[in-house]
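**Student:** Each chain, letter by letter, is given below.
Number of protein chains: 2
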Amino acid sequence: MAQGSNGRATLADVARRAGVSHATASRALNGSTRNVRPDLRQRVLAAAGELGYVVNSAAQAVARGRGEHIALLVNGINDDYFSPVASGVLHAAEADDRMVTMISSRNSPEQATRVVASLRAQRPRAIILAGGRSVTAGAWDARLVDELTLYQNEGGRVVAISEEGLPFDTVAVGNRAAGADLAAQLADLGYRDFTVLAGPAQARTAHDRVAGFREALAERGIEVGEDRVIHCGFDRDGGYAAAGECLRRRAPTRLLFAISDAVAVGAIARLREAGMDLPGEMAVAGIDDVPALRDVSPALTTVRLPWPEAGRAALDLVAEPDDTGPRVVRLRGHVVLRESTPALGRL
Amino acid sequence: MAQGSNGRATLADVARRAGVSHATASRALNGSTRNVRPDLRQRVLAAAGELGYVVNSAAQAVARGRGEHIALLVNGINDDYFSPVASGVLHAAEADDRMVTMISSRNSPEQATRVVASLRAQRPRAIILAGGRSVTAGAWDARLVDELTLYQNEGGRVVAISEEGLPFDTVAVGNRAAGADLAAQLADLGYRDFTVLAGPAQARTAHDRVAGFREALAERGIEVGEDRVIHCGFDRDGGYAAAGECLRRRAPTRLLFAISDAVAVGAIARLREAGMDLPGEMAVAGIDDVPALRDVSPALTTVRLPWPEAGRAALDLVAEPDDTGPRVVRLRGHVVLRESTPALGRL
DNA sequence: TTGTATGCGTTATCAG
DNA sequence: CTGATAACGCATACAA
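So the protein sequences, as listed, match chains A and B. Residue numbers are given in my numbering: position 168 of the first sequence equals residue 168, and the series is strictly consecutive. For my numbering, count along the second sequence from 1 and bump the result up by 347.
Source of the hints: derived by calculation from the structure; they are not laboratory data. In this text the structure is predicted, and so the values were computed from the model without any measurement. Hints are supplied without guarantee of correctness; some may be wrong.
Covered by chain B, according to a simulated footprint, are these stretches of chain A (three or more residues, beta-carbon under 8 Å) [what the hints assert, rightly or not]:
hint	region
1	50–62
2	112–120
Chain A side only, calculated, beta carbon under 7 Å to chain B, not exhaustive [claimed, not checked]:
hint	residue
3	Gly7
4	Gly67
5	Glu94
6	Arg98
7	Thr101
8	Met102
9	Ser104
10	Arg125
11	Asn153
12	Glu154
13	Val265
14	Ala269
15	Ala292
16	Asp295
Derived CB-CB ranges, DEER-like [unchecked claim]:
hint	chain 1	residue 1	chain 2	residue 2	range
17	B	Gln389	A	Asp97	37 to 47 Å
18	B	Leu392	A	Arg143	18 to 28 Å
19	A	Asp96	B	Val492	19 to 29 Å
20	A	Gly155	B	Gln389	23 to 33 Å
21	B	Arg384	A	Gly65	28 to 38 Å
22	B	Asn377	A	Gly49	29 to 39 Å
Even glycine gets a Cβ: it sits at the ideal position worked out from N, Cα and C.
Generate coordinates for the entire structure from the input sequences, incorporating the hints supplied.
**Tutor:** Below, the structure is given as structure tokens:
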């Protein structure tokens, strides 16, 4: 409670006050394996309490060669919808009493590379890549992978969430399956004419979702031509623009499949502006099920992705090192049908 | 580019390769004040590059006595609307190339106290308190303030955002003014009968907003009785419940003033459920102007709070130490009138 | 089990 | 301006 005479109390202070050596104090307070005689431990703990001692984790990191916190690399602090991936990881970390250092790559591959370098300086236990959305084309380029590999070679752990194909432990959130499952259910509802608001052309996440969607449809004999795929930004404004483009093309469309809820919301806004009746004239579906959109109208059909579980899985991957090559944990979301895609009458 | 033979390259490695001393290498790479002969500096920089050297910031923190990063303490990772305060700070930090460590107090005062303790362990340059929303009653209790004061005595800086009255540097975001400005404009539009969805009874932020609102109205001869104030949670569900309560009371109300946009959205959802015409039968206004709600309908009248500026101001406060007592930077938002509060016909 | 001594990577001090 | 050398706070091999 009371603080040392000066500022911070050090381990030496505690040891002195408890009448033991630095080593014993260290072991009693932080050292995990070694045992300390109970009464001594008590004395140390008491002394620490009285001095208001808290370990200097920087010094700890120096001595141990690596810190204990986790660095979370996101592509951007999106003001619209803060990455659900980040939320998932933050939650899981909270449960583990883990510190998380968040840093943004500002949607720039070069910046991402620089950021990883400064992350290397921190020497965190692990770097978690929270991709998943607003991924710029080629964001995970060679330079970045190199830098991350460097970090890994130095003893750090790297886990990618929702970005398959990287040479690191990966938590796959089932983007392809999400698209496929959604397509299947929409087909069951009677939909046949789709336009896809596909997000950035080179973004892996977007690509997988679209691919799954089209494949599942193809299996049912429904082709979604390339001319029905409109690329756009990953966010609300992207959807807004793409919906406008869709209107312009006048292709027969009964349902707009948006690569993400954010895109879907933008599209809805645009369609409304055009005076369209939703979902009467046009149905809309997205992917993500972001909670903040619970109250949009019409209520949005979407695929709930397991972000909380993904965060958990990522942290577990970090906690259980395994050097037998990159592991991949596969999760899967589930479709949530709502008002924006009502069942169509039998054809 | 190439890494040292083993793992991490150390300052000693760089010095050796450049043929200079540790000290010189350190000064060339990090030390700010001292000067180094240009050609030597070049040699060092080159060596560092070739070795892929990155400073060990933990060691740096130990040597310097304090780290360079900033800790951001939020009340909770709200899945609905990630605290705009946090976004503001993150943005500003990004611009400064500063690392930010985010940690949540899980809306619990006890947890907050523990969290500050573990923050003390990290020895960050500063701790920024991102209050502002979902503040539990008495979240900033004495124990917490004590712990923060301890941290400050150890040489750390503390800045509170949107939580006035704390013995630390503060960025005031103008909660009272927000309520007042909004009330004034609504009165100008012709509104007279209000019910207030007031948020948690003891939350300072909520209290200030409501107080400003009622005062400005009182100045214009409009009284909002205590029976027109309904307390509720700070979030969407709080608004949902409070709107239900409002309906039950059947008090004549033409406009629902929600303490926050989140509450407003919840209220709108509840009113819709009750089959009400918005804004024809009931107008709704909030405070915050969260971007994610840009597309709710009817478009929400609200007060845009200067979160980005607040983040900037907080970081500036951190950057310019000043021990002449707590400073306070006062910012102010501005009202944004939208569809949810149409002008009423002359009375 | 406990204490001693040494190392971790940087910065800071103080001579040269 | 540069280079030895001593902190910084903690962990840990090694000896007791």
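**Student:** Please name the hints from earlier in the document that this structure breaks, with their numbers sorted from lowest to highest.
**Tutor:** Hints 6, 10 not satisfied by this model.
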